[in-house]
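Just so you know, the protein sequences line up as chains H and L, in that order. Number 166 in my numbering belongs to position 169 of the first sequence; there are no gaps in the numbering. Number 122 in my numbering belongs to position 125 of the second sequence; there are no gaps in the numbering.
Everything labelled a hint here was simulated from the structure, so no lab data went into it. For clarity, every value in this text was computed on a predicted model and none was experimentally measured. Take these hints with a grain of salt, some might be off.
[As the list claims (entries may be wrong)] Lysine-lysine pairs mimicking DSSO-like chemistry, simulated, CA-CA at most 27 Å apart:
{"#": "1", "chain 1": "H", "residue 1": "K233", "chain 2": "L", "residue 2": "K118"}
{"#": "2", "chain 1": "L", "residue 1": "K233", "chain 2": "L", "residue 2": "K178"}
{"#": "3", "chain 1": "H", "residue 1": "K118", "chain 2": "H", "residue 2": "K201"}
{"#": "4", "chain 1": "L", "residue 1": "K233", "chain 2": "H", "residue 2": "K118"}
{"#": "5", "chain 1": "H", "residue 1": "K178", "chain 2": "H", "residue 2": "K201"}
[As the list claims (entries may be wrong)] So these bits of chain L aren't anywhere near chain H, every CB distance computed over 10 Å:
{"#": "6", "residue": "A(-1)"}
{"#": "7", "residue": "L113"}
{"#": "8", "residue": "P121"}
{"#": "9", "residue": "L154"}
{"#": "10", "residue": "E196"}
{"#": "11", "residue": "L202"}
{"#": "12", "residue": "L206"}
Even glycine gets a Cβ: it sits at the ideal position worked out from N, Cα and C.
2 protein chains.
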Amino acid sequence: MARAPHARYAFIGDTARLPYGSKSRRTIARYAAQSARFLVGEQGADYLVIACNTASALALDAIQEAVPSSISVIGVIEPGAETALRASRTGDVLVIATDATVHSHAYAAACRARDLRALEKACPLLVPLVEEGWTDPDMQTGGVTAQVLRIYLDELLAEAASAGMNPDTLVLGCTHYPLLKPLIQEAIPAGIQVIDSAESAAEKLVMHLSGDFDAPPPFNPGDPIINCFATDSVEKFERLGSRFLGRPTGPVELVDLGG
Amino acid sequence: MARAPHARYAFIGDTARLPYGSKSRRTIARYAAQSARFLVGEQGADYLVIACNTASALALDAIQEAVPSSISVIGVIEPGAETALRASRTGDVLVIATDATVHSHAYAAACRARDLRALEKACPLLVPLVEEGWTDPDMQTGGVTAQVLRIYLDELLAEAASAGMNPDTLVLGCTHYPLLKPLIQEAIPAGIQVIDSAESAAEKLVMHLSGDFDAPPPFNPGDPIINCFATDSVEKFERLGSRFLGRPTGPVELVDLGG
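With the rest of the complex left out, here is chain H:
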């Protein structure tokens, strides 16, 4: 929305069946394809951004097959690896993500295609900690999250060291992790740069849109139109979504994808 404020946005959160990160490829693909068909078939989307790393990692093909081939489908994995390539000098990249994303090894493959070495680690507790709002470094609750991050990241750094890697880049491979960025930066050595793959995906979308839109104008929070949909718990979506968006989501419409 910051980079293309004059586009119309429709966002669906499959809140009835989240989280995807602990589910199988087959189930994730089925659910993600239903959401994609809703956005294209009922909301008239021309471009699909798969903001969820897990759905990007496991279901990008299934989503593209579920919609007409004229629809551009943009995931977050390839753009994230592309930004890692630009950021890394050593060529050694760390990735933290959900269980399903890590087991798909989608980031490792995207990095390998760019001659980067990637080491991935599943961090299943981070999404629940963000959903619970335990993200403030100055609170006792944020202290718990800091400790969880230290356990995960120390294991990851030790594993990288024993593999002879010299990582200088950490990719946040899940939508929720950017809300933990201050805590993550405290838990890793200063020489490691933290990359948000969502920012890279937004860049890629703007390139797709370049025929329709001018160079990035300053962010105007009054301008972009966003219609939000959820498959359950619209109140919870409004509360959490507003924290992610940095402004109110507006009214969220309940939709039934049939599951």
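Got chain H; can you put chain L on it based on the hints?
What follows is chain L alone, placed relative to chain H:
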């Protein structure tokens, strides 16, 4: 299985759509009714035990309506409150559970009907911590869980004190919490008794079965027959389910409830 080892058991875990604890009544009722129809219609169940506290709290009526009225449906809320009544001398009861169970106030209502005062607290991080296996008090990871429990339980005890309550009983209102019992007992004053509502539900089932079964024989792990079904990730179900069951689940069959 310990109390009625000669029964045949069929267990379904709706792993494609878990956790229920963060979802709405409408969605939980729809999902739970689908599982109930599977157990009765395709597995021939005569009795339904709703082992999930969230489904018991929000969907017991919907489940009973989804199956023939000849089928006995046993939830965990009423038995849990009944055991609290037997355990409590002060009449003041604490309940920890998922978000959805707490917001339903099902335990408070069941306690009120027995002249008990109940104070309920949602503890959304406990299920993910158990699923991650961070339950060993002697590990650094178990130390994190101990700290999370202290935050939740200190808040609950402070709230009880400021309401003028003198609690002597804590009900574990979620299937996952019994695996945290040692850590929970360390986090609360010694005078508070910890109650597992699943044990009370098993007692209630045995009373229903009393015509068909004799008095409780000693537990024979070779005897009971259990057939397990899951809607996703059968490997994960086998791994976690065996931890809960205390013996291998045996092969788990994947079923599609249409969601």
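Going through the hints against the structure:
Of the pairs offered as hints, the one joining H/K233 and L/K118 holds, with about 18 Å between alpha carbons and a cut-off of 27 Å not exceeded. With a CA separation close to 23 Å, the supplied pair L/K233 and L/K178 stays within the 27 Å bound. This hinted pair checks out: H/K118 and H/K201 have alpha carbons roughly 25 Å apart, not beyond 27 Å. For the hint linking L/K233 to H/K118, the alpha-carbon distance of about 18 Å falls within 27 Å, and the restraint holds.
Distance check on the hinted pair: H/K178 and H/K201 sit about 22 Å apart at the alpha-carbon level, within 27 Å; holds. Consistency note on L/A(-1): stated as away from chain H, and its beta-carbon is indeed over 10 Å from all of that chain's, at 30 Å minimum. With a least CB separation of 28 Å from chain H, L/L113 remains clear of the 10 Å interface cut-off, as annotated. L/P121, annotated as away from the interface, has a beta carbon of chain H within 10 Å; the closest lies near 5 Å.
For L/L154, the condition that its CB be more than 10 Å from all CB atoms of chain H holds, with the nearest at approximately 15 Å. The beta carbon of L/E196 sits about 27 Å from the closest Cβ of chain H, which is more than 10 Å, so the claim that it is off the interface holds. Look at L/L202: its CB is around 30 Å from the nearest CB on chain H, clear of 10 Å, so calling it non-interface holds up. Chain H leaves L/L206 outside its interface by the beta-carbon criterion, the shortest separation being 35 Å against a cut-off of 10 Å.
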